[in-house]
Amino acid sequence: MADTPIQAAPQEARAPEVPSVVEVLQDLAKTSVLKVQNYSILSLHALTNLASGPRYIQDTLEQMDDIGVGSLPIVLLSGFFIGAVMVLQTGTQFERFGQASLTGDIVSLALVRELGPSITGLLVAGRCSSGIASELGSMLVTEQVDAMRAMGTDPSRKLVTPRVLAALITLPLLTTISVFVGLIGGMVASVLSLRINATTFWERAIKILEFSDIMQGFSKSVVFALILATVGCYQGLNVRGGTQGVGRATTQAVVVSSVLIIVSDTFLTKIALYLADKFF
Amino acid sequence: MEPYPSGLTSTLTATSQPSIEFKNVRLGFAEGEILRGVTFSAQERETVILLGETGTGKTLLLKLASGLLRPDSGSIQVLGKDISGIPESELLEIRRQIGFVFQEGALFDSLTVGENVAYRLHEDGVSEEEIQPRVEEVLRFVDLAHTSDLFPPELSGGMRRRVSIARALIARPPIVLYDSPTAGLDPITSQTIISLILRLRDVYGVTALLATHRLQDGFALANFHFDPQAKKVRRDSSPEAAQTAPTRFLVLRAGTIYFEGTPDELMKSPDPYLQRFLI
Numbered sequence: 090m091a092d093t094p095i096q097a098a099p100q101e102a103r104a105p106e107v108p109s110v111v112e113v114l115q116d117l118a119k120t121s122v123l124k125v126q127n128y129s130i131l132s133l134h135a136l137t138n139l140a141s142g143p144r145y146i147q148d149t150l151e152q153m154d155d156i157g158v159g160s161l162p163i164v165l166l167s168g169f170f171i172g173a174v175m176v177l178q179t180g181t182q183f184e185r186f187g188q189a190s191l192t193g194d195i196v197s198l199a200l201v202r203e204l205g206p207s208i209t210g211l212l213v214a215g216r217c218s219s220g221i222a223s224e225l226g227s228m229l230v231t232e233q234v235d236a237m238r239a240m241g242t243d244p245s246r247k248l249v250t251p252r253v254l255a256a257l258i259t260l261p262l263l264t265t266i267s268v269f270v271g272l273i274g275g276m277v278a279s280v281l282s283l284r285i286n287a288t289t290f291w292e293r294a295i296k297i298l299e300f301s302d303i304m305q306g307f308s309k310s311v312v313f314a315l316i317l318a319t320v321g322c323y324q325g326l327n328v329r330g331g332t333q334g335v336g337r338a339t340t341q342a343v344v345v346s347s348v349l350i351i352v353s354d355t356f357l358t359k360i361a362l363y364l365a366d367k368f369f
Numbered sequence: 011m012e013p014y015p016s017g018l019t020s021t022l023t024a025t026s027q028p029s030i031e032f033k034n035v036r037l038g039f040a041e042g043e044i045l046r047g048v049t050f051s052a053q054e055r056e057t058v059i060l061l062g063e064t065g066t067g068k069t070l071l072l073k074l075a076s077g078l079l080r081p082d083s084g085s086i087q088v089l090g091k092d093i094s095g096i097p098e099s100e101l102l103e104i105r106r107q108i109g110f111v112f113q114e115g116a117l118f119d120s121l122t123v124g125e126n127v128a129y130r131l132h133e134d135g136v137s138e139e140e141i142q143p144r145v146e147e148v149l150r151f152v153d154l155a156h157t158s159d160l161f162p163p164e165l166s167g168g169m170r171r172r173v174s175i176a177r178a179l180i181a182r183p184p185i186v187l188y189d190s191p192t193a194g195l196d197p198i199t200s201q202t203i204i205s206l207i208l209r210l211r212d213v214y215g216v217t218a219l220l221a222t223h224r225l226q227d228g229f230a231l232a233n234f235h236f237d238p239q240a241k242k243v244r245r246d247s248s249p250e251a252a253q254t255a256p257t258r259f260l261v262l263r264a265g266t267i268y269f270e271g272t273p274d275e276l277m278k279s280p281d282p283y284l285q286r287f288l289i
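If you're matching them up, the sequences are chains A and U in order. First residue of the first sequence: 90, per my numbering; consecutive thereafter. First residue of the second sequence: 11, per my numbering; consecutive thereafter.
So here's chain A without its partners, still in its complex pose (with noise of 0.2 Å):
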């Protein structure tokens, strides 16, 4: 029988039947894999879509300038304050070393490798995650969806794939941005607080990092961006209960894609760390 919830025709009153524990969390181990199955279908078609046409170039262009340039405000502000404050924590326990100078070696490294893709993720999964789900869900409530298929189209392709391709281009592009602008935010705070030179800061900084490391930062947000786009579109398209349930959905694809950023990260620090060190 299919899921949908619709409203059953009236049934002969009978007494409630209480499920036992076991069957309980039997539901709920198959809902979980329901879903994660559901998920993946939706993520591989996402990208398989690529592959042949019809292609939504005009959305998806739409879609770039929702996520790229709708975020760039947040990511310029946070990038260059999260690379002040970096200077500001580590740089005072350098000094007590001596070692002030190599502030600049530890920001850019952890900016490159970590906080820029992470923390750009983040902000990108907040704004345009919930972003998507909303207006999907809102789509399909009001039988928009389902008005786009009766007229031919796959909404996959249509909506869901636009959304991914727009995102895989402009988060590894907010993530340089934001490792770019979270570097002069050092170099200032470098400057002001621990009177370092803003051309020693610079050289360090560059001259630290490795193609490994770029390549971690790059990979994290290319991933990070299947993770946002991908769940904000499966939430959307998994309203269930009107109105109420877009708020739901709106919520869980901020919640499940910032979590899953985070784990992933962890795994995706672990492989690259390998990688670098078999073969950069």
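Rather than coming from a laboratory, the hints here were simulated on the basis of the structure. Don't be surprised by glycine CBs; every beta carbon is placed ideally from N, CA and C. One or more of the hints may lead you astray.
With the C-beta cut set under 10 Å, the calculated list includes, among others, these residues of chain U facing chain A [as the list claims (entries may be wrong)]:
#1 K73
#2 S76
#3 G77
#4 S99
#5 L102
#6 E103
#7 I104
#8 R106
#9 F110
#10 D119
#11 R130
#12 D134
#13 R177
#14 A181
Here's a subset of chain A near chain U, in silico, CB distances under 8 Å, partners left out [as the list claims (entries may be wrong)]:
#15 T231
#16 T242
#17 D243
Calculated from the model, a selection of chain U residues having no Cβ within reach of chain A, i.e. all distances over 10 Å [claimed, not checked]:
#18 A252
#19 Q253
#20 K278
Using the hints, position chain U against chain A.
Structure of chain U alone, referenced to chain A:
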């Protein structure tokens, strides 16, 4: 109000095969089985009115006919093709032969009325030069030519329904499915919508399934006809008129077809349940 020009005539061709055929279709959800072996067919140019109380599965039948839902068992044939088990990619092609008028319109909020109506043509890659006149023609048909640049939230409920009809017609489908097209509308607006459905049927010969709980909509479709020469809707209950634009009632009850027959047979039925609809 000018009807469609010749270019927008339905692509329907006369064959003896039913346009839509349901055979022992069953469908259920977690809450229970809703459709319990529904069998019926709609012939070309026929209007089948699905009548029933709320929750009896009228909308489900429309969604099944357009492939938006799949049956648990049984088969559904649309334009000679069994759609109950085919993949979504093939269904998308079948759906291009079907116009669907949703209960609340289901217009795209972020697009203007003109863009909503032109949506399917854009999807089909039709050139802008061709789209513009076709959109204007269809909007003129539903008497909403002046609303092309408005957004759906700026329209009244009846206007949204008419835009939805225009959107369903732009691709010249041989089949149109109406989901409670007059629900929640005042009597005058309901009459306008029914007149539009009449014109579509009598001028372009579309096959239609119309879900409703309003018996008067069904009788209006059975007893009134659009005269293309006079461009007026006239009362005509003659057998000749019924022959050219046949109308049939299906009454749904408890997941099955409870009654199937002509408006006359429904009127004369002594069945107490059917009598409740006639009061």
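Each hint tested on the structure:
Taking 10 Å as the C-beta contact cut-off toward chain A, the hint placing K73 of chain U at the interface holds, the least distance being around 8 Å. Interface hint status for S76 of chain U: upheld, as the beta-carbon distance to the closest one in chain A is roughly 5 Å, under 10 Å. Annotation: interface hint on G77 of chain U holds; nearest CB of chain A at approximately 8 Å, less than 10 Å. Below 10 Å, beta-carbon pairs count as interface contacts, and S99 of chain U has one with chain A at about 8 Å; its hint therefore holds.
For the restraint placing L102 of chain U at the interface with chain A, the shortest Cβ-Cβ distance is roughly 5 Å, inside the 10 Å limit, so the hint holds. Taking 10 Å as the C-beta cut-off, the interface hint given for E103 of chain U holds, the closest approach to chain A being about 7 Å. The interface hint given for I104 of chain U is met, as the beta carbon of that residue sits about 8 Å from the closest beta carbon of chain A, less than 10 Å. Taking 10 Å as the C-beta contact cut-off toward chain A, the hint placing R106 of chain U at the interface holds, the least distance being around 4 Å.
Contact between F110 of chain U and chain A, as hinted, is supported at the beta carbon level, the nearest pair being about 4 Å apart and thus within 10 Å. Annotation: interface hint on D119 of chain U holds; nearest CB of chain A at approximately 7 Å, less than 10 Å. The beta carbon of R130 of chain U comes within 5 Å of a beta carbon in chain A, closer than 10 Å, and the hint placing it at the interface holds. About 8 Å separates the beta-carbon of D134 of chain U from the nearest beta-carbon of chain A, less than 10 Å, and the hint is met.
Given hint, R177 of chain U at the interface with chain A, holds; its Cβ is 8 Å from that chain's nearest Cβ, closer than 10 Å. Checking A181 of chain U against chain A by beta carbon gives a least distance of about 8 Å; that is within 10 Å, so the hint holds. A distance limit of 8 Å between C-beta atoms decides the matter here; for T231 of chain A the minimum to chain U is near 6 Å, and the interface restraint holds. Against a cut-off of 8 Å between C-beta atoms, the interface hint on T242 of chain A holds, since the closest Cβ of chain U lies about 6 Å away.
Taken as an interface hint, D243 of chain A checks out: its beta carbon lies about 6 Å from the nearest beta carbon of chain U, inside 8 Å. For A252 of chain U, the non-interface assignment is confirmed: its Cβ lies about 30 Å from the closest Cβ of chain A, beyond the 10 Å cut-off. No Cβ of chain A approaches the Cβ of Q253 of chain U within 10 Å, the least distance being about 31 Å, so the stated non-interface status holds. Non-interface status of K278 of chain U relative to chain A is upheld: no Cβ of that chain comes within 10 Å, the nearest being about 27 Å off.
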